[in-house]
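S.K.: Letter by letter, the chains look like this.
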Amino acid sequence: AQTVTQSQPEMSVQEAETVTLSCTYDTSESNYYLFWYKQPPSRQMILVIRQEAYKQQNATENRFSVNFQKAAKSFSLKISDSQLGDTAMYFCAIREGGGADGLTFGKGTHLIIQP
Amino acid sequence: DTAVSQTPKYLVTQMGNDKSIKCEQNLGHDTMYWYKQDSKKFLKIMFSYNNKELIINETVPNRFSPKSPDKAHLNLHINSLELGDSAVYFCASSPPQGHTEAFFGQGTRLTVV
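For the record, the sequence lines run as chains G and X. Numbers given in our numbering equal positions in the first sequence, counted from 1, plus 1435. Numbers given in our numbering equal positions in the second sequence, counted from 1, plus 10.
Simulated from the structure, these hints should not be mistaken for laboratory data. One thing to keep in mind: the hints can contain errors.
[As the list claims (entries may be wrong)] Some but not every residue of chain G turned toward chain X, in silico, with C-beta under 8 Å:
#: 1; residue: Val-1448
#: 2; residue: Met-1480
#: 3; residue: Lys-1508
#: 4; residue: Leu-1538
#: 5; residue: Phe-1540
[Claimed, not checked] Using C-beta positions, here's what the derived DEER-type ranges look like:
#: 6; chain 1: G; residue 1: Glu-1464; chain 2: X; residue 2: Thr-23; range: 37 to 45 Å
#: 7; chain 1: G; residue 1: Gly-1520; chain 2: X; residue 2: Ile-66; range: 46 to 54 Å
#: 8; chain 1: X; residue 1: Ala-82; chain 2: G; residue 2: Pro-1550; range: 26 to 34 Å
Computed from a prediction, not measured in an experiment: that's the story for all the values here. Where is the CB? At the ideal position from N, CA and C, for every residue including glycine.
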């Protein structure tokens, strides 16, 4: 079974700084997908970024980018020019194989952006 | 035009009661899920349905019974509620392609008193 580990329960940075959230995972599958979700205080789960394991290029979405190290099974999220609205819980997740398989989540990192 | 909607958003009930949470998606997805988020924010899958057929049934008490009347709906019925059932329950859906994310409802905060 797959597992996801987020080793930083909470992080705090100043607005406009860059912050990196760490995530490691374990899976026996060669075909899998990785995701970062954001959960603000509103409770809504919002996709931040996704990465297909077979793609070597790191995914980027505006201020959000990942550092995907397949051999090390590491999938960190970098947030550049952090904004107050980035304050939220961030969850790393993995899905193996097809769409009917659910997501396995890490325990989350609570990110606080200070003004 | 909410993609995945679940009702109610909040539910407070007494121990021993039976309650249901409804979920509907208008995205045309084949697969729907129920996740539970506990008080420490940990999210764990409970059930997965694909075209009304149960695919994943994680170790949850059999007091929890999902029902899928059609591809667009997946309801969660909970019998004999216990204090430990208090949590946020999320419905989600996704298309068959594994690289596509799951789309989540806004969650239902269940409080058992």
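S.K.: Determine for every hint whether it applies to the structure shown.
M.R.: Consistency of the hints with the structure:
1. Val-1448: violated (20 Å)
2. Met-1480: holds (4 Å)
3. Lys-1508: At about 18 Å, which exceeds the 8 Å cut-off, the nearest Cβ of chain X leaves the hint on Lys-1508/G violated.
4. Leu-1538: holds (6 Å)
5. Phe-1540: holds (4 Å)
6. Glu-1464/G - Thr-23/X: 37 to 45 Å: For Glu-1464/G and Thr-23/X the Cβ distance comes to about 40 Å; the hint holds.
7. Gly-1520/G - Ile-66/X: 46 to 54 Å: Check failed, 34 Å falls outside 46 to 54 Å.
8. Ala-82/X - Pro-1550/G: 26 to 34 Å: violated (43 Å)
Violated hints, listed in ascending order, are 1, 3, 7, 8; each of the other numbered hints is respected by the structure.
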